[in-house]
Amino acid sequence: MDEETRAYAINLDYTLKELQQKVREHENGLQRLQLANADAPLSPEAQVAIITSALQDVNDSEPFLPTAGSILPALLALRKTHETVVQSDAYLASHSSEVDSLNNRLESERANLRDQHLLADAIAARLESLRTAEPASPAETTPDDRAAKLMQDLEAKKKKYDSETFDLMKSLHAFIDDHLAVMLAAEELGGPVVGDVVDIAPDDLALGFNAQGKSNKRANKPYDDDDRRQRRIDEIWGAGSDGDSALDEVAAAGREMRQLTEDLLNTLVEARGDNSASYVKLTRESAAARFLVRSKVAQFHPKDATRLRLIDFGRELAT
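Residue numbers (my numbering): 1 to 319.
Any given hint could be a false lead.
As the list claims (entries may be wrong) - Once the Cα atoms are required to be at most 20 Å apart in a straight line, the calculated PhoX-like pairs of lysine-lysine come out as: (1) K149 - K160; (2) K158 - K170; (3) K170 - K160; (4) K281 - K303; (5) K159 - K149; (6) K170 - K159; (7) K296 - K281.
Derived from the structure by calculation, the hints contain no laboratory data.
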């Protein structure tokens, strides 16, 4: 215990003894008064006189003051401070919900004010655009002129969309021919699913695939094997291929994918938002159809796996 703490403890003990002594003095005085007047009955007038005299003595007497070294004033101040802190905490707790409500309301009003400013700016911008778009004089243009101008704008937009559509279809066909067709052909011939292996070479198609979808690493096959594979190509994609069989398989798979996407797009446009009319009837479940479904670009009919349609991304996805 350091010197400061020891001095504080001594002062506290001294103050406590001082208060206890004062209490004992008052108790002794009270006891003497009670003993002196125990057997003497007092009239109401005498009781009033005694009380009046006691009050007069109290008023005339010197008040009790602690000694110079007493810490009683500090204790009283500390108790008063503690009571003030407790009352302040209780007051804040009782008004915390009101403060939160006012803060929420203030934040809401600030958000409304920001929205009003944004709305005012948007309206001002719209009015300015209308002023600049309007002719200087109503007599300068006629309804026919405005209709012709509108038709020109629509035709220009249509040409732009047609050009962009052509570029997109050109890019799609290039992707099919350069990358996707060989993977589709491999899946049709029993190879890996499209996307599992991306570096399939024409030699892999010529060698064929085993039951696990792996390429057969064998030497060149005799002519009767090539003839058998050609018949299988004709069964899958139809007759009419000639030349190198691997290239024919890739070309056939590419043609099938291009034809399927074209049919799906045309049917979707002709359906005009009617999902039930946007399905294309499939002659078989091809690798191209499965790839479109796995890519979440198309979906089968929920009750008929031979019908396929593109997902209309302008609508909610069908569940």
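We went through each hint and held it up to the structure:
1. K149 - K160: Distance ~17 Å between K149 and K160 Cα, so the pair holds.
2. K158 - K170: holds, 18 Å
3. K170 - K160: This hinted pair holds, its Cα atoms lying about 15 Å apart.
4. K281 - K303: Roughly 13 Å separates the two Cα atoms, so the pair holds.
5. K159 - K149: holds, 15 Å
6. K170 - K159: holds, 16 Å
7. K296 - K281: Status holds; Cα separation ~18 Å.
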